[in-house]
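For the record, the sequence lines run as chains C, B and Y.
The numbering used here applies: residue 1 is where the first sequence begins, and numbers increase by one.
The numbering used here applies: residue 1001 is where the second sequence begins, and numbers increase by one.
The numbering used here applies: residue 2001 is where the third sequence begins, and numbers increase by one.
Simulated from the structure, these hints should not be mistaken for laboratory data.
Because the structure is a prediction, the values reported are computed rather than measured.
Just so you know, not all the hints are guaranteed correct.
Stretch-level coverage of chain Y by chain B, calculated; a stretch enters the list once three of its residues show a Cβ under 8 Å from a Cβ in chain B [unchecked claim]: (1) 2003 to 2016; (2) 2035 to 2042; (3) 2064 to 2070; (4) 2092 to 2106; (5) 2309 to 2323; (6) 2399 to 2410.
Have a look at the derived ranges for each label pair, beta carbon to beta carbon [what the hints assert, rightly or not]: (7) C/Lys104 <-> Y/His2060: 48 to 58 Å; (8) B/Gln1121 <-> Y/Asp2278: 46 to 56 Å; (9) B/Leu1012 <-> Y/Glu2071: 36 to 46 Å; (10) Y/Ala2055 <-> C/Val95: 21 to 31 Å.
In silico lysine-lysine, DSSO-like type, Cα no more than 27 Å apart, as pairs [as the list claims (entries may be wrong)]: (11) Y/Lys2162 <-> Y/Lys2496; (12) Y/Lys2372 <-> Y/Lys2163; (13) Y/Lys2313 <-> Y/Lys2373; (14) Y/Lys2496 <-> Y/Lys2163; (15) Y/Lys2068 <-> B/Lys1084; (16) Y/Lys2372 <-> C/Lys104; (17) Y/Lys2163 <-> B/Lys1087; (18) C/Lys104 <-> Y/Lys2070.
We treat Cβ as the ideally placed atom computed from N, Cα and C, and that holds for glycine.
Each chain, written out:
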Amino acid sequence: MEEIVPKFNYIVVVILMMTGLWSMLAQSNLIKKCIGMAIFQTGIILFFISIGAKNNASIPIVAKEPLGQVLGQAHAPEGSQPPAKPELAAAKAKVYPDPPDVNKLTNPLTQILMLTAIVVGVATLGVGLALAQKVYQQHNSFDEDEILENQTK
Amino acid sequence: MAELPIWQYDTLFLITVVLFGVTALTMQNLMSAAIVFGAYSFLMCLIWTAMGAVDVAFTEAAVGAGVSTVFIVATIYNTGASAKPRKPRVGFKLFAGAVAVATGAFLLSALPDFPAWGDPQSPVNSTVAPYYIENTIRDAHVPNIVTTVLADYRGFDTLLETAVVFIACIAIYSILRVDSAKSTVDEPDIIAAPPAYDPTDSLIIRQASRIMVPFMQIFALYVIAHGHYSPGGGFQGGVILGASVILLCISFDLKFVLRQWTEKKIMLLTALGVLIYAAVGVACMFMGGDYLNYNALDPVLPGDMAYARYYGILLVEIGVGVTVMFSMIGIYIILASNGRFKRGL
Amino acid sequence: MTEHLPILIVLAPLLGAVFAALTSWFWPRVSFPIVLAGLAISCISSLLLVFEVPASGVIHYQLGGWGKQKEYADMVVGIQISVDYLNGLILAAVTTIALLTAIYSRPTVERELEGQQRYFYALFSLLVAGLLGITITGDIFNLYVFMEIAALSSYALLAYGKKRATMASFNYLIMGTMGACLYLLGVGFVFVKAGTLNIENLSQIIPDSLFSSQAAFVGFVLIIVGAWSKMAFFPMHGWLTNAYTYAPTASGALLAPLATKVSVYAMLRIMITVYSIDYIIQSPNIQTIAILLSTIAILVGSFYSLTQTNLRKIACFFIVSEIGYMVGGAWLANAPGLKGAIYHVVADAAMTSAIFMVIGCIIYRLGQADLKKLDGLYYRMPVTFIALVITMAALIGVPPTCGFFSKFYLIQGAAQAGTWHFVIALLISSLIKAIILFRIIEIAYNKVPNPAKDGNETIPREEAPLTMLIPTALVALGLIALGLATDTLVTDFIAKALPAGLTS
């Protein structure tokens, strides 16, 4: 089962992308073309995220180690002295593991690329919708065939 | 997290996402299609969170499910159009379908060549990415690796991304902006609400949004500032800030918001964010480093070299947040008022 | 400061646009000079850099200071931009044409866009920044972001036109986004196998281990098809003619010469540097298909141009056929073919710029640019007419204009590879352009009686304004100058851009 699901993931990604692509080409309604464009782009983003996934890894934020662990005190016994100031400062500085374990953190690079892709996608969607609205103001229709008829009159 | 531990749920999500996508594209009523598209985006967020991409899921929730859906609704609200095709166009649809199927088959032909799912030693995970993971604390003292890569290692890409948002805002402005006095096209009628509904009487909506907006804005500022330590950053925070004002536009009247946020203010502040980002880079050049090399700003920023990068990242995230906020507000107002900045959804 | 020249090339137009957008609300008259200053800085930087490349070799610039990391197998962890033999000339050409077009466009913008000019020059400058970024970047994902910057600006610039421009721009948006998405998907497939996005690193990794990889092959095809969509290569050329014909004169004059050629450069960069020419040679099937499509593109462009009477539509179909020259030349994968393709990128940018500027001048004075209504053009606008003749001669391929040399290299390359259908298509397209030129000359020499003086005298001479005429004349003369400088350009720059082993 562990092998089929990843392949299934990629097949779903391809189905999503092709649905979006088909819609961009074949639909005659301008708004549907824009929605198809958005679906195509989110499909591509799902593809990129899939290739950056890592087994048994957590989110790409380096976690702090507990301060007590860094100081070497598992449980402070009752009535013991709190650690001296320089020791505490030194321990606080080492709170992040150095270097972090690569295998425990997911790949951040694919996520950056997809952050950019999402924003570019919404910008293009906005411009597409603005053009569609202007076309509607001129021709009173969102349908490509009707608009073509209107234009050639 | 990324091992698909509960494979039944993940398979269910994947199938549902395809169903929602197909439904959004085949519905006749455009408004319903927009809402289903919003649901599709939400499901995508869940899938990405399951794969460990929390920043991306956050952005998609804010941008894709939130703002994109609102833009589509704002565009079609005054039109009352439906998606009934005039001609069946069967031949062309079959041809496009054949092209799509052929492309899909071509893409799947590469599948056997892919590395195993989630392999930590795959080329993607073992070539450049280990540098980012191992050096983010050393170079910039920022635990959120995504923020460091976004604003420091690949900061140029983010500057361009901010420019893209800015371009979208001025492009939509240029395309749609119409001076009502000089226009020859009639202003479209706002579709009348059902008679039992009086928009000035929506006490609950107005009071609720009055209470929510300040908290939304504080949360958004927190997201921008805390993006170094938790999922978040300039984009997500900026979109939430923009959404708070869009909420005001929807629950009150567009005119109410336009009294405070005039056209001039919005368009000027959109450009300001890009200017902040680019100016930080130019400041780095003047202090002797390369463009966007925050190390060069070390003499003027507190802390050691790594903290210079920390504060540099914070500055550019603020720039990004400013541009994104005002671009989202500007795009919504232009789309909802058909470019006239007078009245609208 | 000179070590920052590479980033200045892109940064100057970008900052110029932002400042123009800000000042357009306070001092609108200052917007145009700011944009002009940004373009001028960019032009000077690119010219300085072009002459530095033969002296210093490839010039790299690490953004953010992040370069190669020794402990990680010399991988580049940041974004790198670089100027080398392949893109140096193209950068210089793009910046020069953009600057001349900006100067040229002033009267047409004031006439065609009254009252709506607020962001026109900001979008103009952003488009130029996007195109320059595509040319200079050394990272394939960065190329995608720059491509989208250029694309969004161009959708807005094209939509400024008359009523039909909006739908044409929407169709361009759909086709352009499809191309960009296919490109991005291709980048994904390459990334899966290579793990890096930097062009320099990829040029070492791919020939090493990925030549037989199916994923890398799929990525290659997707990137190429994406670039073909963006450059209006047959069969994805339908959007070009409508989009550029109904656009305002200034937008057409800026977009037509530059946008498609920069996409051709992107294709060349992927073919030559990222994947290497050996990869092309080992995939002969795709080579044959590409050359066949180029031949059809040339023929389709040429035949449709015969059927049109609107000069702008004719010029758009010329672009479609010229793209066929470049793609075919590149895919011949031999030295003369590649030299011809790279040289033609620069030459065709100049030729298309000249012809769109000339048509803009004619529309400005005559109000229309119909082939049948150009009577008396020689008497009314002699300088424009001569510029038109020089441009058409360059398109036909008459020495010593640059068009002759690019055809020379392309025919040599095609003959060497044995693809005679390509040679015949090149010759047929020259013939058709000659026919159109003779029609123009014939009509232009007709004397037309002046209706204002009762048919006693001919219409007096009235050229386009000087700010339009001088750039037009400069570009037209530049066509001849490029042709005369061919030898230096090819031996000192273009030949060095080709891989070392490709002597035949």
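To see whether the hints hold, each was checked on the structure:
1. With a cut-off of 8 Å between beta carbons, the segment 2003 to 2016 of chain Y has 5 residues touching chain B; three or more are needed, and the interface restraint holds.
2. Coverage of the segment 2035 to 2042 of chain Y by chain B is violated [criterion: at least 3 residues with CB-CB distance below 8 Å; count 0].
3. Coverage of the segment 2064 to 2070 of chain Y by chain B holds in this model, with 4 residues showing a Cβ closer than 8 Å to a Cβ of that chain against a need of three.
4. Counting residues of the segment 2092 to 2106 of chain Y whose CB falls under 8 Å from any CB of chain B gives 0; the rule of at least 3 is not met.
5. Counting residues of the segment 2309 to 2323 of chain Y whose CB lies closer than 8 Å to any CB of chain B gives 0, which falls below the minimum of 3, so the coverage claim is violated.
6. With 0 residues having a beta carbon nearer than 8 Å to a beta carbon of chain B, the segment 2399 to 2410 of chain Y misses the requirement of three or more and the stated coverage is violated.
7. For the pair C/Lys104 and Y/His2060, the beta carbons lie near 34 Å from each other, so the given range of 48 to 58 Å is not met.
8. In this structure, B/Gln1121 and Y/Asp2278 break the distance hint of 46 to 56 Å, their C-beta atoms being roughly 28 Å apart.
9. The given range of 36 to 46 Å is respected by B/Leu1012 and Y/Glu2071, whose C-beta atoms sit roughly 43 Å from each other.
10. Separated by about 51 Å at the C-beta atoms, Y/Ala2055 and C/Val95 break the suggested range of 21 to 31 Å.
11. At most 27 Å may separate the alpha-carbon atoms for a hinted pair to count; Y/Lys2162 and Y/Lys2496 exceed this at roughly 45 Å.
12. Of the pairs offered as hints, the one joining Y/Lys2372 and Y/Lys2163 holds, with about 24 Å between alpha carbons and a cut-off of 27 Å not exceeded.
13. Restraint check for Y/Lys2313 and Y/Lys2373: the C-alpha separation of about 15 Å stays at or below 27 Å, so the hint holds.
14. Only pairs whose Cα atoms come within 27 Å are accepted, and Y/Lys2496 paired with Y/Lys2163 is rejected, the gap being roughly 47 Å.
15. Of the supplied pair hints, the one linking Y/Lys2068 and B/Lys1084 is violated, its CA atoms being roughly 56 Å apart against a limit of 27 Å.
16. Distance restraint check for Y/Lys2372 and C/Lys104: the Cα-Cα separation of roughly 73 Å exceeds the 27 Å cut-off, and the hinted pair is therefore not satisfied.
17. For the given pair, Y/Lys2163 sits about 24 Å from B/Lys1087 by alpha-carbon distance, which is consistent with the 27 Å threshold.
18. A threshold of 27 Å between alpha carbons decides the hint, and for C/Lys104 with Y/Lys2070 the separation of about 24 Å falls inside it, so the pair holds.
Violation of the numbered hints given earlier is confined to hints 2, 4, 5, 6, 7, 8, 10, 11, 14, 15 and 16; the remaining hints are satisfied by the structure.
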